[in-house]
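*Asks:* Each protein sequence line maps, in turn, to chains A and B.
Reminder that position 213 of the first sequence reads as 229 in my numbering, one-by-one numbering, no gaps.
Reminder that position 146 of the second sequence reads as 162 in my numbering, one-by-one numbering, no gaps.
Mixed in with the good hints, there may be bad ones.
Each computed SDA-like pair below joins lysine to any residue, with the alpha-carbon atoms no more than 20 Å apart [as the list claims (entries may be wrong)]:
1. Lys65/A - Gly299/B
2. Lys311/A - Asp142/B
3. Lys311/B - Asp142/A
4. Lys307/B - Thr272/B
5. Lys73/A - Tyr329/B
6. Lys311/B - Leu99/A
7. Lys311/A - Arg95/B
8. Lys311/B - Arg95/A
9. Lys73/B - Glu70/A
10. Lys311/A - Leu141/B
11. Lys311/A - Arg90/B
12. Lys23/B - Gly48/B
13. Lys73/B - Asn333/A
14. Lys73/A - Arg332/B
15. Lys73/A - Ile348/B
16. Lys73/A - Asn333/B
17. Lys73/B - Tyr329/A
18. Lys65/A - Asn333/B
Honestly, the hints are just simulated from the structure, not real lab data.
Protein chains: 2
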Amino acid sequence: MNNLHEKPAQFELLNVCHDTEARRGTLHTRRGAIETPAFMPVGTLGTVKGMLPEQLKEIGAQIILGNTYHLYLRPGHERLARLGGLHRFMNWDRPILTDSGGFQVFSLGALRKINEEGVRFQSHLDGSKHILTPELSIAIQEALGADIMMVFDECIPHPATRAYVAESTARSSRWAARCKKARTDQSAALFGIVQGGMEEDLRRQSVEELLETGFDGYALGGLSVGESAEVMYQVMEWSLPLLPQDRPRYVMGVGTPENLVEAVARGADMFDCVMPTRNARNGVLFTSFGKLSIKQARFVEDETPIDSDCSCYVCRNYSRAYLRHLYQSNEILASVLNTTHNLYYYLHLMQDMRAALTAGTFKVFREKFYRKRIQAGEA
Amino acid sequence: MNNLHEKPAQFELLNVCHDTEARRGTLHTRRGAIETPAFMPVGTLGTVKGMLPEQLKEIGAQIILGNTYHLYLRPGHERLARLGGLHRFMNWDRPILTDSGGFQVFSLGALRKINEEGVRFQSHLDGSKHILTPELSIAIQEALGADIMMVFDECIPHPATRAYVAESTARSSRWAARCKKARTDQSAALFGIVQGGMEEDLRRQSVEELLETGFDGYALGGLSVGESAEVMYQVMEWSLPLLPQDRPRYVMGVGTPENLVEAVARGADMFDCVMPTRNARNGVLFTSFGKLSIKQARFVEDETPIDSDCSCYVCRNYSRAYLRHLYQSNEILASVLNTTHNLYYYLHLMQDMRAALTAGTFKVFREKFYRKRIQAGEA
Chain A
17 MNNLHEKPAQ FELLNVCHDT EARRGTLHTR RGAIETPAFM PVGTLGTVKG
67 MLPEQLKEIG AQIILGNTYH LYLRPGHERL ARLGGLHRFM NWDRPILTDS
117 GGFQVFSLGA LRKINEEGVR FQSHLDGSKH ILTPELSIAI QEALGADIMM
167 VFDECIPHPA TRAYVAESTA RSSRWAARCK KARTDQSAAL FGIVQGGMEE
217 DLRRQSVEEL LETGFDGYAL GGLSVGESAE VMYQVMEWSL PLLPQDRPRY
267 VMGVGTPENL VEAVARGADM FDCVMPTRNA RNGVLFTSFG KLSIKQARFV
317 EDETPIDSDC SCYVCRNYSR AYLRHLYQSN EILASVLNTT HNLYYYLHLM
367 QDMRAALTAG TFKVFREKFY RKRIQAGEA
Chain B
17 MNNLHEKPAQ FELLNVCHDT EARRGTLHTR RGAIETPAFM PVGTLGTVKG
67 MLPEQLKEIG AQIILGNTYH LYLRPGHERL ARLGGLHRFM NWDRPILTDS
117 GGFQVFSLGA LRKINEEGVR FQSHLDGSKH ILTPELSIAI QEALGADIMM
167 VFDECIPHPA TRAYVAESTA RSSRWAARCK KARTDQSAAL FGIVQGGMEE
217 DLRRQSVEEL LETGFDGYAL GGLSVGESAE VMYQVMEWSL PLLPQDRPRY
267 VMGVGTPENL VEAVARGADM FDCVMPTRNA RNGVLFTSFG KLSIKQARFV
317 EDETPIDSDC SCYVCRNYSR AYLRHLYQSN EILASVLNTT HNLYYYLHLM
367 QDMRAALTAG TFKVFREKFY RKRIQAGEA
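From just these sequences and the hints, can you work out the full model?
*Replies:* And the structure:
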């Protein structure tokens, strides 16, 4: 193993589970350590919607995610660089991981066109024309001051023909190599992204090509795109064992609490997803017994907290009746409190998994996790 | 003077200014003391929009205001009573003052009709028909658990004929007496409201009629309804000296920072206004040098805080560039941070006035307050 200071992202493997592929580790970055398995709240536009940085820290956020596409369009990466970078701009001093912009650009559909160089696209804000390349993606991420950067790749839609998946995956590998070459800041980590759709051999090929280039960590991309949970887990089982033990493994855009538990059991270390934050703003809350929609009339005089097993600030201080009232009244505090609870739930789910892995009781944890849901009729 | 425990709102006069009518006092309520002059943030629907109770306390909020009309319609006062009252519902343990619902009901225009009994109106939410009387207003305020209740009165529109002002003012006095009679909870304070439009003799008549009934405190109503600042100050000068020295004086719905300084100089003790909170959500910020609209393009790369003389959380941690970005991006945090700053500004303006009154330097404070604005070309 290398010295902690030699690499921009040094992964320390602390425990491995005897019953599953689950791992407990510490990822060291230039802005501090991240205990894994870890969940990264999504802060699209320089803010995790509705949360102050201090509140994020209080609920245990170790690292957050910023979106390259959105920050490139506004306020703009050059402007952000002049303002001292994203950390200073948003008052967040812990690590930030940025995506490459690929996911958003590809989801523009008719507004974008791919060739070997990169992707031409029109802004969803004002229709202005842009071209995003692997080199520009890295330049943006470096300007933002990301501690972990992601290679520019295509998140392949599902379903897709095998021919398209093969072509796209090969191109993403070439782009990944261009990203590594384009990097100028060696203190920021760069992660490769495994593509290959839902095809075992193409996933293997993607891993091999990325390993050839060599990255500080590896992600699984192209998941949570409409495939079943079984297919998602299958892809994890094909791909994760091929990745080096001494590098962090990040499953992008995943997922539900169940998905996180299953991904950890298959050897994943890092996650991001808009589910806890976006659902919160829509009044959908995560609990130990499943999901709960706070807008329902049955909560109108319910004095109990969202989840009596939860010890978050919201569950300690507010009733379902109050949260329903705030949601129905379209109050800002509805989003603030719901987001606080949901992110706490996600971050503490990861904390519980880390504790179980440290104690060697992950198998018990996983069984108990499902038992509560089954008892509540939710799983 | 009575013992602190004999009355639901005991006003202790601590200092009087030698140069103006300004007063420094303490208002003791069943849920704690309020240092005056005091500003009360408005929490219309059981939340000061965008602020957690802990955040309100941190910036110095001693008491907040709840709106009877809005809480009567949702979630409903009987429901709130079953849920343990407004304090418990919204997790706020300091005093709450509730208005009477009169102001909102009268502003419904064509949707309401007045007679001696009360006001028939249709809900702005669903058109359902209701009648609000002095007796119901008190019943609602008691159900909410208000520490300071307001009498049900008519906030007379401006301009209005002298005949209408006379008729309405006399009716409001009769309603005020009915409110006092309807009160069942003697531990909650009840304030009378001086009406009389912009007519000196009718203001005097209103004061005399209210004094005859006798209340724990007195408010000036019917201000900030479109009259000039000069007329507003004139009405204060007519009315405030007629009120007893040993009772708190509350100027309702006022106003700008300048209005507050001038009202304090004329002997007012308490204020509420949506200006700091509503303006915040529209990107308008209050500073020691006047107002500032954060949406302006000139702030796009401005690294300075809103007000370099302000020591609030927002000014200590965020740039104008970031606040402009949040506002332009329609982020929840824009409302949260702008509200935090504006309320801090208002609450600290009151704190500064209290300190000046204690030190006997209110005249100097007032001159300095205007000097900064004049230098900035804002006053």
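*Asks:* None of the hints should be skipped; say for each whether it holds.
*Replies:* Cross-check of the supplied hints:
no.: 1; hint: Lys65/A - Gly299/B; result: 17 Å, holds
no.: 2; hint: Lys311/A - Asp142/B; result: 18 Å, holds
no.: 3; hint: Lys311/B - Asp142/A; result: 18 Å, holds
no.: 4; hint: Lys307/B - Thr272/B; result: 10 Å, holds
no.: 5; hint: Lys73/A - Tyr329/B; result: 16 Å, holds
no.: 6; hint: Lys311/B - Leu99/A; result: 18 Å, holds
no.: 7; hint: Lys311/A - Arg95/B; result: 17 Å, holds
no.: 8; hint: Lys311/B - Arg95/A; result: 17 Å, holds
no.: 9; hint: Lys73/B - Glu70/A; result: 17 Å, holds
no.: 10; hint: Lys311/A - Leu141/B; result: 17 Å, holds
no.: 11; hint: Lys311/A - Arg90/B; result: 14 Å, holds
no.: 12; hint: Lys23/B - Gly48/B; result: 13 Å, holds
no.: 13; hint: Lys73/B - Asn333/A; result: 15 Å, holds
no.: 14; hint: Lys73/A - Arg332/B; result: 18 Å, holds
no.: 15; hint: Lys73/A - Ile348/B; result: 18 Å, holds
no.: 16; hint: Lys73/A - Asn333/B; result: 15 Å, holds
no.: 17; hint: Lys73/B - Tyr329/A; result: 16 Å, holds
no.: 18; hint: Lys65/A - Asn333/B; result: 17 Å, holds
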